[in-house]
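Asker: Residues per chain are reported as follows:
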Amino acid sequence: MTDAAPKPKRKNPVARTRLPTLPPASRSRAALGLARAAAEGRFEMQACADCGAVQYPPREVCGSCLSERLDWREVANGGALIATTTLRHSNDAYFRERLPWRVGTVKMDAGPSAVAHVHEDCQEASRVRLALKLDRSGQAVLHALPAEDTPNMNDSPQLRETHCDPKHRRVLVTDGRSTLGRAMVKASLDAGAATVFVGDPATWKADAGFDAFVASDPRIEPVALDVTDTDSVDRLAASIGAKVEILINTADHLRDGGVMHARDVGLARDAFDVNVLGLMRLAQAFGPTMCFRAADGTHGAVAWVNLLSIHALAALPARGAWSASKAAALSAALTLRAEFGGAGIRVMNVFPGPIDDEWEQLTPPPKLAPSAVAAAVVRGLRDGVEDLYVGDVAEELRARLRDNHKAVERELGG
Amino acid sequence: MSRRLAYDGVVAAMPVTVPYARYSTHAAHWWLGRALAALIRESGIAKADIDGVCVSSFTLGPDTAVGLMQHLGMSPRWLDHIPMGGASGVVALRRAARAVQAGDAEVIACIAGDTNHVDSFRHTVSQFSRFAQDAVYPYGAGGPNASFALLTDHYMRQYGATREDFGKLCVAQRDNALRNPHALMRKPLTLAQYLDARPITDPIHLFDCVMPCAGAEGFLVMTEERARALKLPGVRIRSTIERHNAYPDDPIQFRGGWAMDRDALYEHAGVSPADVDFIETYDDYPVINMLQFEDLGFCAKGEAPAFVREHGFTIDGSFPFNTSGGQLSVGQAGAAGGYLGLVQALRQLTNAAGAMQVADARIGLVSGFGMINYDRGLCSGAALLERGTA
Ligand SMILES: [Zn+2]
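So the protein lines, in turn, are chains A and B.
Quick note on numbering: the first sequence equals residues 1 to 414 in the numbering used here.
Quick note on numbering: the second sequence equals residues 1 to 390 in the numbering used here.
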């Protein structure tokens, strides 16, 4: 049974901070199909469209019938653990810092044998489940997990390397005044966060509800944060930047209005100031310190979460300016992912459908409860995914985009 | 199946070793060049009379055998580059023998060698193959230790082999190495020391691992007539086999390609395992020796542990085995490790083994194994050799 992860000890202020190292990242292009599946928490391998043979490691042509028609498909993830070893030596610096390290051979029910990381609760010669996870280099790796969940199983040091669990970590929610922001704070606390810094963009505006919320849990620390004000962002980073292990950017500026018939670009400028430049200000102020602390102890900085929208991928003309800001935010987030990559910090982009809050009053159902979005984000952090589609509207729109993005343009425009 | 031609009229001769070094600042070209120079010097043949060359090396890049020919000033009319790791020696021998038989070349120099810089092992391991890069190296980067640990773990549980069994082989090899001036490991090893060694990658412990080093090995292949003219004692090739990616549906490796081709090997040679006077296996890890004992017909599958308990494996034991000390005690000089057993067998069959000589050795079996491309060794080969008459 896995030991529960202990709370991190207070850090010796003069001790050298361990610098982040990454596991081996080189992959063939075919193997990156595993990353696509792992990024969304799916278990996929190539299967031959002609003979059905499941392929692993990923191939260019079928190892059985030589067909080139290899499709990525969800395949059975069960298997038998037929050999294991515990590495006490490694050729790679990342693993050397994490020894001993257990790996094994799994004979998959789907056919192939796979070398995998092996969870400490897996018994020799037992049934296991395989999961595809993103490691610290952002590449997909196979983890063999016990056939049934075991107590504290997610606390194993090996799984923690792929997860971004808020447990025992300090979280910054950039805008805690919104309904979604509060839900995000609550979900983080429920997940065992050590501290949640709650950004307050309007300290000058009294809000008894917000004050009561902030007082509801001793782990909440309200902080002044206006993402449109560089000084405000910098001030906060100077004060708590070295304590933020997960940053969840909930700041948003959602307004109706298209492009051509707007009176001027005022609304668009406001949306971009919050959603795009706000993200950039946060990244410039908090990002470098998070990178430096990515390997700081057992609970270093791990994740940066952007609450985007499914309309970052498909413009909603009725909210054209806002959609454009979300699309721009997504683009900036992809750059941020590349920039955080060297430190192994995960950038998780969240694509919800319409959320049931004050700004979506007239949007017809189905709408997502803010608490449901927040719960999905925490689940996504625990599972270590990097792209998270939340709710039926988002999932459906994504499927429609994949099927025919031109149809989606016409449907959303109508 | 059509009957294979015998290797009539062709011999292997002139075993040479360029003494190994733990680390070297030289390039692979230096080691391979030294091996070729030794072949020329010791055989008395003119450099220009070597009209065929066969090369194996992991660290020759970005060059191949082609670039090496310009580097060494050679103009062969037959050239081969065999990237088969531990199977390279046997495969080079059979390729070269057929070329000489067919008249495509008269004298072929087979050379294998590698350098070893302080960081070159990690480099070789991380870039070893596409499947290794995609599906093995990211899992702890344990290199061959990890791959063989998995095979060993499975074999031990499946067939009841113990660490004592592996230890007996390693201790016998070290005993043999004490007589080998080229061995890097020249201190006696006891079973207790073997068992007390630190774990590297369970169940692999320190003395189950080869030491990567720099070095080179070589031999010549020519007609029997030519050997006689040069007054070189030649070794006849009774039979050879090779096989790649055998038994791909086995979930984990517990047998090698030898098992597919063993009957053909002995039938072609007209000998049986009982006729073999000594055996040189590919021994990058002890478990692979057991696979070879079984798959080459010395005992049934799963019975190697009992076989090991019954026999003695030193030069004067009941089953003389890895008489140079093998890679486990001599060191693993990259691709030269795939030549070590063959070169040693040529010494045994030409009375050049000195203190390592197996008395009255007439028939020797050499076996090769190489290339953990993903989860198992893909190349296997074996050759039955016989003392020549010259
Ligand atoms: Zn197929």
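Read the hints as simulated data drawn from the structure, not as lab findings.
Bear in mind the structure is a predicted one, so any value in this text is a computation, not a measurement.
It is possible that some hints are incorrect.
[Unchecked claim] Derived contacts from chain B toward chain A, CB cut-off under 10 Å, selection only:
{"#": "1", "residue": "A46"}
{"#": "2", "residue": "A48"}
{"#": "3", "residue": "T152"}
{"#": "4", "residue": "R376"}
Glycine is no exception: its CB is placed at the ideal position from the N, C-alpha and C atoms.
Asker: Quick check on B/A46 please, does its C-beta sit within 10 Å of some C-beta on chain A?
Answerer: violated (44 Å)
Asker: Grab the minimum C-beta distance from B/R376 to chain A and call the hint holds if it beats 10 Å, violated otherwise.
Answerer: With a minimum Cβ separation of about 9 Å from chain A (threshold 10 Å), the hint on B/R376 holds.
Asker: Holds or violated: is there a CB of chain A closer than 10 Å to the CB of B/T152?
Answerer: holds (8 Å)
Asker: Let's test the interface hint: is any C-beta of chain A closer than 10 Å to that of B/A48?
Answerer: At about 43 Å, which exceeds the 10 Å cut-off, the nearest Cβ of chain A leaves the hint on B/A48 violated.
Consistency note: the structure conflicts with the earlier hints numbered 1 and 2.
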